[in-house]
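Here is what each chain is made of, one letter per residue.
Number of protein chains: 2
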Amino acid sequence: MRIARFSVREGSPAAGSVSFGVVEGDPARPESLVVHALAGHPFGQPQPTGESYRFQDVRLLSPMLPNKIVAVGRNYAAHAAELGNAVPDVPLTFFKPSTSVIGPTESIAYPPFSSDVQPEAELAVVIGRMCREVPLERVPEVILGYTCANDVTARDVQQREGQWARAKGFDTACPLGPWIETDLDPSDLAITCTVNGELRQAGRTSEMVRSVAELIVHISEAMTLLPGDVVLTGTPAGVGPIQVGDEVAVSIEGIGTLANKVVKRG
Amino acid sequence: MRIARFSVREGSPAAGSVSFGVVEGDPARPESLVVHALAGHPFGQPQPTGESYRFQDVRLLSPMLPNKIVAVGRNYAAHAAELGNAVPDVPLTFFKPSTSVIGPTESIAYPPFSSDVQPEAELAVVIGRMCREVPLERVPEVILGYTCANDVTARDVQQREGQWARAKGFDTACPLGPWIETDLDPSDLAITCTVNGELRQAGRTSEMVRSVAELIVHISEAMTLLPGDVVLTGTPAGVGPIQVGDEVAVSIEGIGTLANKVVKRG
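Protein chains in written order, with full-length UniProt numbering: chain H, 1 to 266; chain B, 1 to 266.
So here's chain H without its partners, still in its complex pose (with noise of 0.2 Å):
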């Protein structure tokens, strides 16, 4: 199942009310689209209001509006290795604000304290039901569905820094979308990043030093996660900057394509 959160467009006598809903159809044919209404919230037993809309009648947001974001630091052999680090003995884990949330119709804004900002492409992990101390057998029944997510760096300030809440958390630097499949096997699919149609980061889920499932269990060790909570996890090799105008796509296999434009901040 395919859960979007989607504003209806001017026009129909619903325009401008935000919803969650179920997308059918097939996504290399948006024309075939439809989105069926959720009433409320996607967790537990998601119930349809009866309304639809064609895939054109609507605006796609971030799928879902995180209360915390909790991100993992070279997670990718190889991209560790292309920044001069080692892979860490235990994950590297910081968070990104809610704040830094956008969806798949909205703009990644540079930065101006930033000269080198660099798009990393990673699966996202969006957690279904509260949870702490999360044993590595029950994961899947924590987890609501996986959707496509940019962890936008500013990787200047990344190196100048010792912390990242600036580097990673700066508005706009975390694209989510397009919407989160809810029945999809995490273990092995590929994942790219294209920067105006050119292919800059390719790799396979596989290639993770830590598996969703441990990175859960990790985080959880620590702390809550909260219905709607994301996890994301570590970008495969292959980061460069980009520049105001570019569009940056990150693809995941068995999700879709997460497509933003990079505009001057307003």
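Source of the hints: derived by calculation from the structure; they are not laboratory data.
Errors might be hidden in some of the hints.
All copies of an identical chain are treated as equivalent in the list; a pair is satisfied when it fits inside any one copy or across any two copies.
[Stated by the list, open to error] Calculated cross-link-like contacts (lysine to aspartate or glutamate; reagent style EDC-like; alpha-carbon spacing at most 20 Å):
no., residue 1, residue 2
1, Lys264, Glu221
2, Lys264, Asp171
3, Lys264, Glu133
4, Lys264, Glu247
5, Lys261, Glu247
6, Lys261, Asp185
7, Lys264, Asp246
8, Lys261, Asp183
9, Lys261, Glu161
Starting from the structure of chain H, add chain B where the hints point.
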């Protein structure tokens, strides 16, 4: 003005209800304190409901439920030195998650993955208005007030892991309280931490490497701050371990005392 968040204790018709309120009276004589409930939130022009409670009939909660907490490391030179660190050229910024927040009547739960938990007494700034790219001279406009914070840290985990999400983000790692003092000059306040009444940390906010205003400028350069967001401003020298059974108290001149017991995680 002192703004608290509280629930009404058993025995009142309003038992269990949660509100913000204005605390009046002399904190040195708790029996003199009265809490005047506010309608809704304390931002903008707070409106009293007309309901008042004796202090002994309410239970103080964390004075804010922040969307995000942005913290600053090594902002007192003597504390940086005691851990063998230099004062960074650029302020070192990190996040603590909302799930780490507890109030003045809750307990710090010792996390099982650490054997060296340490309190850090800090002045907390509570944001009152949505803002970004705040100029130095306009910082006072975006501040609602100040409270005491304890930036509880698993020191062994912090030293083992390159980024501090687990070391400083575990559940209960961010006690806040007892209330928000809105009329306060933060530039030269005594700040202490005691453990079981024994003085551990003692400093003055005038020893901060970067002032409150400079920190807000620096953080808001990157990210939007929301009403209720909290900025922690660093801790003075004197950090050391605490144990289950201890009582930790953070006191700041002009605000009051935030005391929390340390318990085994349940």
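Hint-by-hint comparison with the structure:
1. Lys264 with Glu221: Classified as between; 15 Å across copies, 40 Å inside a copy.
2. Lys264 with Asp171: Within one copy only: 12 Å inside a chain, 38 Å across chains, cut-off 20 Å.
3. Lys264 with Glu133: Cα proximity of Lys264 and Glu133: across copies only (15 Å, versus 42 Å in one copy).
4. Lys264 with Glu247: within (13 Å within a copy, 50 Å between copies)
5. Lys261 with Glu247: within (4 Å within a copy, 52 Å between copies)
6. Lys261 with Asp185: Answer is neither: 29 Å inside a copy and 43 Å across each miss the 20 Å cutoff.
7. Lys264 with Asp246: within (11 Å within a copy, 52 Å between copies)
8. Lys261 with Asp183: neither (29 Å within a copy, 44 Å between copies)
9. Lys261 with Glu161: Neither: 27 Å inside a copy, 34 Å across copies.
Figure legend: structure checked against the earlier numbered hints; hints not met, in rising order: 6, 8, 9.
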